[in-house]
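Starting from the structure of chain A, add chain B where the hints point.
There are 2 protein chains.
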Amino acid sequence: MLKFNEQQQIDSVKGALMIRPQIEKAVDEIQKEGFDGLYFIGIGGTWASGMQVEVYLRGRSSLPVYVENAAEFITTGNKRFTNKSVVIFSSVTGSTTEMVDAIKKAKEVGARVLGFIDVEDTPLAKLCDTCISYPMNEQLKFYMVANRLMYNNGEFPDYDIYNQEMEKYLPMALVEVEKKADEWAAVYAKEKYQYYKEHPDMPHYFIGAGNQWGATYSYAMCYWEEQLWIRTKSITSAEFFHGMLEIIEAETPVTVFIGEDEQRPLSERVAAFLPKVCKNYTVIDTKDYELKGIRSEYRGSVSHLVMHAVNNRVDAYMEKEFRHPMVIRRYYRQFNY
Amino acid sequence: MLKFNEQQQIDSVKGALMIRPQIEKAVDEIQKEGFDGLYFIGIGGTWASGMQVEVYLRGRSSLPVYVENAAEFITTGNKRFTNKSVVIFSSVTGSTTEMVDAIKKAKEVGARVLGFIDVEDTPLAKLCDTCISYPMNEQLKFYMVANRLMYNNGEFPDYDIYNQEMEKYLPMALVEVEKKADEWAAVYAKEKYQYYKEHPDMPHYFIGAGNQWGATYSYAMCYWEEQLWIRTKSITSAEFFHGMLEIIEAETPVTVFIGEDEQRPLSERVAAFLPKVCKNYTVIDTKDYELKGIRSEYRGSVSHLVMHAVNNRVDAYMEKEFRHPMVIRRYYRQFNY
Numbered sequence: 001m002l003k004f005n006e007q008q009q010i011d012s013v014k015g016a017l018m019i020r021p022q023i024e025k026a027v028d029e030i031q032k033e034g035f036d037g038l039y040f041i042g043i044g045g046t047w048a049s050g051m052q053v054e055v056y057l058r059g060r061s062s063l064p065v066y067v068e069n070a071a072e073f074i075t076t077g078n079k080r081f082t083n084k085s086v087v088i089f090s091s092v093t094g095s096t097t098e099m100v101d102a103i104k105k106a107k108e109v110g111a112r113v114l115g116f117i118d119v120e121d122t123p124l125a126k127l128c129d130t131c132i133s134y135p136m137n138e139q140l141k142f143y144m145v146a147n148r149l150m151y152n153n154g155e156f157p158d159y160d161i162y163n164q165e166m167e168k169y170l171p172m173a174l175v176e177v178e179k180k181a182d183e184w185a186a187v188y189a190k191e192k193y194q195y196y197k198e199h200p201d202m203p204h205y206f207i208g209a210g211n212q213w214g215a216t217y218s219y220a221m222c223y224w225e226e227q228l229w230i231r232t233k234s235i236t237s238a239e240f241f242h243g244m245l246e247i248i249e250a251e252t253p254v255t256v257f258i259g260e261d262e263q264r265p266l267s268e269r270v271a272a273f274l275p276k277v278c279k280n281y282t283v284i285d286t287k288d289y290e291l292k293g294i295r296s297e298y299r300g301s302v303s304h305l306v307m308h309a310v311n312n313r314v315d316a317y318m319e320k321e322f323r324h325p326m327v328i329r330r331y332y333r334q335f336n337y
Numbered sequence: 001m002l003k004f005n006e007q008q009q010i011d012s013v014k015g016a017l018m019i020r021p022q023i024e025k026a027v028d029e030i031q032k033e034g035f036d037g038l039y040f041i042g043i044g045g046t047w048a049s050g051m052q053v054e055v056y057l058r059g060r061s062s063l064p065v066y067v068e069n070a071a072e073f074i075t076t077g078n079k080r081f082t083n084k085s086v087v088i089f090s091s092v093t094g095s096t097t098e099m100v101d102a103i104k105k106a107k108e109v110g111a112r113v114l115g116f117i118d119v120e121d122t123p124l125a126k127l128c129d130t131c132i133s134y135p136m137n138e139q140l141k142f143y144m145v146a147n148r149l150m151y152n153n154g155e156f157p158d159y160d161i162y163n164q165e166m167e168k169y170l171p172m173a174l175v176e177v178e179k180k181a182d183e184w185a186a187v188y189a190k191e192k193y194q195y196y197k198e199h200p201d202m203p204h205y206f207i208g209a210g211n212q213w214g215a216t217y218s219y220a221m222c223y224w225e226e227q228l229w230i231r232t233k234s235i236t237s238a239e240f241f242h243g244m245l246e247i248i249e250a251e252t253p254v255t256v257f258i259g260e261d262e263q264r265p266l267s268e269r270v271a272a273f274l275p276k277v278c279k280n281y282t283v284i285d286t287k288d289y290e291l292k293g294i295r296s297e298y299r300g301s302v303s304h305l306v307m308h309a310v311n312n313r314v315d316a317y318m319e320k321e322f323r324h325p326m327v328i329r330r331y332y333r334q335f336n337y
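Chains as they are written, first to last, in the UniProt record's numbering: chain A, 1 to 337; chain B, 1 to 337.
So here's chain A without its partners, still in its complex pose:
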């Protein structure tokens, strides 16, 4: 399998799950002290991860949890944000300008800040009240925070069983997803390149809902646009029916991400509609992956990780088919703008 290190993947997820005591300590302190609002602040991919955890909590928890875009927070601000508010964020480099400014602003107001920063030694880390350093697995870390918040709020009675199950089965289950998706992903990438050769201007349409929406949005923008320089458009499954459907024709390239949370029916509706007007669409359904050991009622809470695993395989083959090293950038951080 191309660019795949099974043990490394297992260790990465396992290690993330092992930082649970640190997360629990930080979350318990936050809830013991109380807060008037808890804000996941991000930009680009980290904002998308914030959207994923917000929609997860929205339907399950009465806690006041919100998602804020860092650039909007430093311009428009938020009048409900006070010194009793809490910020949670994640950053790989700890150097994204908008994030640094947003966290500075939050500290000026007097809010408490919990940061997940991959690199320990950054200026951003110094601004955090609590900083947890562990590489990658941002989406998983946010969900671990969410689960603890709900547990402390009496909204997650089987928290212990859930975690035991995840710690025992999730790392291997996600690796198995990658293995199962591998052959399909190679074909998919080949087809995308063939199509692209003939239609370089045509955007690829990505559609998703619920805790797949963050994945849909950031996969289209942060992977295909930023890292592969391929045009995309992403739209939520619900909004698709209120405008975008009109530009779908027989050959329009579309990929639908279907997860297993409460918004699944919205994406199933798209998948049922598409064959009537289009024959160039792909459905990636997390339900097609076994996730051995994880009971059905927990599957929705990891759908976004399953999709991420599938897309790891797609990335590997897209990079190869398009002969486009995913690390290069045309403009991003290449000059001042």
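Take the hints with a grain of salt, since some may be wrong.
No copy labels: a pair is met if it fits in one copy or bridges any two.
As the list claims (entries may be wrong) - Below, a list of computed lysine-lysine pairs in the DSSO-like style, where the Cα atoms sit at most 27 Å apart:
{"no.": "1", "residue 1": "K279", "residue 2": "K197"}
{"no.": "2", "residue 1": "K25", "residue 2": "K105"}
{"no.": "3", "residue 1": "K320", "residue 2": "K179"}
{"no.": "4", "residue 1": "K3", "residue 2": "K197"}
{"no.": "5", "residue 1": "K179", "residue 2": "K105"}
{"no.": "6", "residue 1": "K32", "residue 2": "K79"}
These are calculated hints, taken from the structure and not from any lab test. As the structure is a computational prediction, the values presented were derived from the model and not from experiment.
Just chain B now, kept in the frame of chain A:
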């Protein structure tokens, strides 16, 4: 001027401003009774209008005001939504399935509902605690609600002066925007058609921020995609720099909507970046329009209406240049899906 009835436009906005006593009565009742959350619920264009009013209030008011997508509300739901919550929505037809289901669900929970429905006699109207019927001007109605909410909450001391000024000057100011934009819009539409002939697959990129974001999103999706069948992608000015910038090249067609609220610097940054990598971009800046009689500090609160007026002119000429009657639909409400 093509498809332009000056007096009708003036009367339309004037009439909307005249429903203020009805709006004030409804809002005063809501605030007298108190609420734990006020939710603008919408889908498609009405969701976009909700986003515009939410971002307006976010920076100005400590009131708990949120925007909800109707389809997400009926699937994921919102655990913080209670019988002490308030829903505000707008609907032209009163028959959009997701809206009917969302309002039914809100009523089941026991929430109070204020509806703006263009047509008085719809099933949706019967579900409202208060229903205000006046055609069009949805964005203006929402901002009138917002202004009254802030006034009652001690956050809008010059409410009376503001309204006097708007009632005296806004209808004519917006008509003057259309007149000033007309000649430019005719050229813009012609250029878009010329480009489209050569590049039918290429999406047109729309970028905007703050209270222009709802306008940007819905203009791209509800007008160009739905009504003109032209590919588009819309992105916020802040997010543009976190992925989408990479697919902009010299000839990529881009339009930036710049308004005059707190997020203006985010869009100015896009406008400053684009010339370095692209020569096929257009900036529509509300600052270029006089708005006679409206003082500078109020301009940001009507930027979205100014942009709407400019785009009325664009629509008229796009419809003509593309020979595409904007009323026709390929799929929407044409068959069951």
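Okay, the hints, checked on the actual structure:
no.	hint	verdict
1	K279 x K197	both (18 Å within a copy, 24 Å between copies)
2	K25 x K105	within (25 Å within a copy, 38 Å between copies)
3	K320 x K179	within (18 Å within a copy, 53 Å between copies)
4	K3 x K197	within (24 Å within a copy, 42 Å between copies)
5	K179 x K105	neither (44 Å within a copy, 42 Å between copies)
6	K32 x K79	both (24 Å within a copy, 21 Å between copies)
In summary, the one numbered hint that this structure violates is 5.
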